[in-house]
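A.B. asks: Mind docking chain S on chain Y? Use the hints.
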Amino acid sequence: MWRAVRITVAVAVMALFVFGFVNLSNREPGAWEHLVERLQLVPSLLGTWRGVAGAAAVAACLLALTLLFGRVYCSFICPLGILQDVVIRLRRGCDKLRGKKRSGAALRFAQPLPWLRYTILGIVVLSFFLCGTALVAWLDPYSIAARFMAAVVNPLAAGAQNLLEGEVETQPAWGRYGWLLLVVAGVILVPLALAWWRGRLYCNTVCPVGALLALLSRAPLFRLRMDPAGCVRCANCVRACKAQCIDLKNYRVDSTRCINCYDCVSACEHGLRPKWTLPFRRRAPQNAPAAPEKTAGAPSSSSRRAFLGLLACGASALAASGCRPAGSGGSGKPGELGENQGSAVSPPGSGSVPRFLDTCTACGLCITACPTRVLQPASWQYGLRGVMKPQLDFTVGFCNFDCNICGRVCPEGAIMPLDLAEKQRTQIALAEFHRERCIVQQHYTECGACTEHCPTKALATEEGQFPSCNPQLCLACNACVETCPQKAISLVGDESQGMHAQIDRTKCVACGKCARVCPSGAMTLQRLLIPVLTPELCIGCGACTYACPVRPKRAMELTPRLRHLPAEVRREAPAQNPVSAEDFPF
Amino acid sequence: MHMKRRDFIKLGFGVGAAFSLDTLSGLFPAAVAEESTPAVGGKPALVAVRGGDRVAMLDAALAALGGIGAFVKPGQSVVIKPNCGWDKAPQMSANTHPSLVGHMVGLCKEAGASRVVVFDHTCDNWQRAYRNSGIQEAVEKNGGEMLSAADESMYRDHENPSARNLKKARVHAAILDSDVFINMPVLKHHSGARMTACMKNAMGLVWDRGFFHSHDLHQCIADAVLLRKPDLNVLDAFAPMLRNGPKGKDENDLISTRSLLVGTDIVAIDAAASKLLGNAEGDVRHIDLAAEMGLGEKDLTRVAIRRITLA
Chain Y
261 MWRAVRITVA
271 VAVMALFVFG
281 FVNLSNREPG
291 AWEHLVERLQ
301 LVPSLLGTWR
311 GVAGAAAVAA
321 CLLALTLLFG
331 RVYCSFICPL
341 GILQDVVIRL
351 RRGCDKLRGK
361 KRSGAALRFA
371 QPLPWLRYTI
381 LGIVVLSFFL
391 CGTALVAWLD
401 PYSIAARFMA
411 AVVNPLAAGA
421 QNLLEGEVET
431 QPAWGRYGWL
441 LLVVAGVILV
451 PLALAWWRGR
461 LYCNTVCPVG
471 ALLALLSRAP
481 LFRLRMDPAG
491 CVRCANCVRA
501 CKAQCIDLKN
511 YRVDSTRCIN
521 CYDCVSACEH
531 GLRPKWTLPF
541 RRRAPQNAPA
551 APEKTAGAPS
561 SSSRRAFLGL
571 LACGASALAA
581 SGCRPAGSGG
591 SGKPGELGEN
601 QGSAVSPPGS
611 GSVPRFLDTC
621 TACGLCITAC
631 PTRVLQPASW
641 QYGLRGVMKP
651 QLDFTVGFCN
661 FDCNICGRVC
671 PEGAIMPLDL
681 AEKQRTQIAL
691 AEFHRERCIV
701 QQHYTECGAC
711 TEHCPTKALA
721 TEEGQFPSCN
731 PQLCLACNAC
741 VETCPQKAIS
751 LVGDESQGMH
761 AQIDRTKCVA
771 CGKCARVCPS
781 GAMTLQRLLI
791 PVLTPELCIG
801 CGACTYACPV
811 RPKRAMELTP
821 RLRHLPAEVR
831 REAPAQNPVS
841 AEDFPF
Chain S
288 MHMKRRDFIK
298 LGFGVGAAFS
308 LDTLSGLFPA
318 AVAEESTPAV
328 GGKPALVAVR
338 GGDRVAMLDA
348 ALAALGGIGA
358 FVKPGQSVVI
368 KPNCGWDKAP
378 QMSANTHPSL
388 VGHMVGLCKE
398 AGASRVVVFD
408 HTCDNWQRAY
418 RNSGIQEAVE
428 KNGGEMLSAA
438 DESMYRDHEN
448 PSARNLKKAR
458 VHAAILDSDV
468 FINMPVLKHH
478 SGARMTACMK
488 NAMGLVWDRG
498 FFHSHDLHQC
508 IADAVLLRKP
518 DLNVLDAFAP
528 MLRNGPKGKD
538 ENDLISTRSL
548 LVGTDIVAID
558 AAASKLLGNA
568 EGDVRHIDLA
578 AEMGLGEKDL
588 TRVAIRRITL
598 A
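Here the protein sequences come in this chain order: Y and S.
Using the numbering used here, the letters of the first sequence correspond one by one to residues 261 to 846.
Using the numbering used here, the letters of the second sequence correspond one by one to residues 288 to 598.
Looking at chain Y on its own, in the form it has when it is part of the complex (with noise of 0.2 Å):
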């Protein structure tokens, strides 16, 4: 039964979990939708630190439960601990077609390794206080299983979409992720070869999740509990457990490693059952064989004390040096901001680079959600710290004015939910305008691209005044190369020729001063609209970017904001009917 009552949640989580990941129709996520990453333990502990609602009820409620039932989280609620469960299944189906009995390691009672898992925990605890979460990024279950959806099975299922559909949107040949797949899914595979190798081996040993809750579990309230007396030592539970946490020689479980599958309580029909337990009973029963004092399965309380110490140790060392995690507060100083991490634009929701740096793990839930795809994952823009961490390409797209989805779905803090109006006045970064590139400027022609894209209106159009020189009539008078402010004519040809005033396009902001001295009329000027920028309302959303048409490089250009600031908002009065609204004007 308790099996089963597993099994349904697991499966449940897995698809509210693949569910959130394939968004193919860009629908605006429900508050219900993403409830699955939200209770992760990872993002729920960052999500407490960063102040997202109700990210520590969930951190509170997921310790409570360790502390009541052991690690439930790791295989109810763990997407990779679910995916493990996968492999180790398929794993079991292979050998049993195969009609070979799971013999060796795999099956039976291993010694645990706490100073291994504690170590690697105790590492990506002070990994954190040091560098955000540079290395939790690639070691949290969640995270890893996340951009395993994201980059992978995404994909995946908008092929699929495409194939029974017809094609209905192009999709980039290898996924959102591009090559940063292989990545990923190297990473994944680590977990997955261990498990089908040696069960649940990565989360005992190297998950620092799994680490953090064995702490928590040396004595839950409601453990798996041995009936010495029932026991026919068929070992039927030690070859179902995944954990390889059954000392049978013993009758002891180890509740620090037990992940709570409950496969051993259906394989017993002698008594292996969670009991409500007092904590702290350590002793076999009275009726039990004896057991030795010292017990191999009991994780080492000596590697406890000397993590708890470490832990003590650094938070003392980071509290005296008065060093916090880089950002948390953010007061933007240049200095404060560091190196390698200004060179991509965080999302609106994010702060500051730094302190989104700081807090991100890669998991990709807003990749998959921006309906423009904007949100790249980074490989080296933010630097080593913010590999697979979303950035904001705006070669691939622009972010949407009116979506705050990214805020909405990340559960971790690393993007906060800003309601519309205040992400509509975030500036992520600054757009910069090289007008010497400008089409208007290079062809007399005129285009809009950027302007017609920008919400805010920090870029518009104004008309200038663009002169070109007609040699037949120029008398090389040398009154317009005077009159230039911005030297911008020069007088050309030769003696036979004739001399002619040309113009350096590139140099010229179209004010018309030339053609007004011109007294041959041989400057003559075109009404052109030209874009112009005014910064402090522009968000950095990118649509100008995206859209100018001017290449290899694009004379619309963002410089990101490694701290986001407030842009300005310009209300302008009602638009008056220029023309009658009675009659028609024509």
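The hints are simulated quantities; they were obtained by calculation from the structure and are not laboratory data.
One or more of the hints may lead you astray.
Stated by the list, open to error - Below, simulated BS3-like cross-link-like pairs (lysine-lysine); rule was C-alpha separation at most 27 Å, straight line:
| hint | chain 1 | residue 1 | chain 2 | residue 2 |
| --- | --- | --- | --- | --- |
| 1 | S | Lys562 | Y | Lys717 |
| 2 | Y | Lys813 | S | Lys562 |
| 3 | S | Lys454 | Y | Lys813 |
Stated by the list, open to error - Computed from the model, here is a short list of chain S residues facing chain Y with C-beta under 10 Å:
| hint | residue |
| --- | --- |
| 4 | Ser401 |
| 5 | Arg402 |
| 6 | Cys410 |
| 7 | Trp413 |
| 8 | Asn419 |
| 9 | Asn447 |
| 10 | Arg451 |
| 11 | Phe498 |
| 12 | Ser543 |
| 13 | Thr544 |
| 14 | Arg545 |
| 15 | Leu597 |
Claimed, not checked - Residues of chain Y placed beyond 10 Å of chain S at every Cβ, according to the derived structure:
| hint | residue |
| --- | --- |
| 16 | Phe329 |
| 17 | Leu357 |
| 18 | Pro432 |
| 19 | Thr721 |
| 20 | Leu825 |
| 21 | Ala835 |
For each residue, glycine too, the CB sits at the ideal point set by N, CA and C.
C.D. replies: Frame of chain Y; chain S shown alone:
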């Protein structure tokens, strides 16, 4: 068969003479004033309606043109191309109003159209634009189909030999394959093209819009008319965006004109629309270029206009 019908409309013959002016005013008691210039016996090339709600104005305009049956014959397939480019709510006037598009879909179905498809190559994400413009819901409710235009496979190479710059383009297959093409844009200011109305709407028919921008935008807009000349143009000018177009900032950018322009002459309709926005003649270069290329009449004194004011 449809070529024959299209030619018939282009020539503007007075087959619909049965719908004379007198009977028309009887059909629409709300119509308080009508005038037409110059006195042409046949159907007008441009019907300008004002004062009603959008659906009533569309009904009045179509009646003046001989009803939807003059454009859609039973069994024909219809493609409607609204301006649905932006993830904006209907009241922002960034997209054609869904009530108009939905009503037109319904009319085509009533006229016996075999299939009515609607699409736009959007600027914002297509699914959000389709949904939040309200157009998807209106179209599907009236029996039409929204087509994706977000994949290049939807488009086919199309030669455009009479054009000056846009000699060829990848055009949405629905435009090339449908019997009837109804162009249904919304009137707006445009920061690059100065105005967007019927001609500019054709940019949503092609895959590579960047080509337009980098090869003389105005000339390409005029050229795009030749990709396929719409059989009917319906311009939503109920609350045009006077500035900050084509996306717009807020409702303050809109003016109230409560107008609808319907017609077969795409140049005339844009020329009239340009005046609604207060542009002077010659301000919008693609109108001049299109007239120069013989795609329509920009001199409104030489266009058969029927003006209808609804109470």
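A.B. asks: State for each hint whether it applies.
C.D. replies: Structure-based check of each hint:
Note on lysine 562/S and lysine 717/Y: the hinted pairing holds, with a Cα-Cα distance of about 24 Å set against a maximum of 27 Å. Restraint check: the Cα-Cα separation between lysine 813/Y and lysine 562/S comes to about 38 Å, which exceeds 27 Å; the hinted pair is violated. Between lysine 454/S and lysine 813/Y the CA atoms are separated by roughly 26 Å; this keeps the pair inside 27 Å, and the hint holds. Interface restraint check for serine 401/S: the shortest CB-CB distance to chain Y comes to about 19 Å, outside 10 Å, so the restraint is violated.
Taking 10 Å as the C-beta contact cut-off toward chain Y, the hint placing arginine 402/S at the interface is violated, the least distance being around 15 Å. The beta carbon of cysteine 410/S comes within 6 Å of a beta carbon in chain Y, closer than 10 Å, and the hint placing it at the interface holds. The interface hint given for tryptophan 413/S holds, since its Cβ lies 7 Å from the closest Cβ of chain Y, which is under the 10 Å cut-off. Checking asparagine 419/S against chain Y: minimum C-beta separation of about 7 Å stays under 10 Å; hint holds.
At a threshold of 10 Å, the smallest CB-CB gap from asparagine 447/S to chain Y is about 19 Å, leaving the interface hint violated. A least Cβ separation of about 12 Å between arginine 451/S and chain Y goes past the 10 Å threshold, and the interface hint is therefore violated. Given hint, phenylalanine 498/S at the interface with chain Y, holds; its Cβ is 8 Å from that chain's nearest Cβ, closer than 10 Å. Interface hint at serine 543/S: satisfied, since its Cβ lies 7 Å from the closest Cβ of chain Y, which is below the 10 Å cut-off.
Interface hint status for threonine 544/S: upheld, as the beta-carbon distance to the closest one in chain Y is roughly 7 Å, under 10 Å. Restraint check, arginine 545/S versus chain Y: the minimum CB separation of about 8 Å is within 10 Å; hint holds. Taking 10 Å as the C-beta cut-off, the interface hint given for leucine 597/S is violated, the closest approach to chain Y being about 13 Å. At roughly 43 Å from the closest C-beta of chain S, the C-beta of phenylalanine 329/Y stays outside 10 Å, upholding its exclusion from the interface.
With a least CB separation of 42 Å from chain S, leucine 357/Y remains clear of the 10 Å interface cut-off, as annotated. The beta carbon of proline 432/Y sits about 12 Å from the closest Cβ of chain S, which is more than 10 Å, so the claim that it is off the interface holds. With a closest Cβ-Cβ approach of about 5 Å to chain S, threonine 721/Y is found to fall inside the 10 Å limit, against its non-interface label. Remark: the non-interface label on leucine 825/Y is consistent with the geometry, its nearest Cβ contact in chain S lying 20 Å away (cut-off 10 Å).
The Cβ of alanine 835/Y does not lie farther than 10 Å from every Cβ of chain S; its closest approach is about 4 Å, which violates its non-interface assignment.
Consistency with the previously given hints fails for numbers 2, 4, 5, 9, 10, 15, 19 and 21, ordered from lowest to highest.
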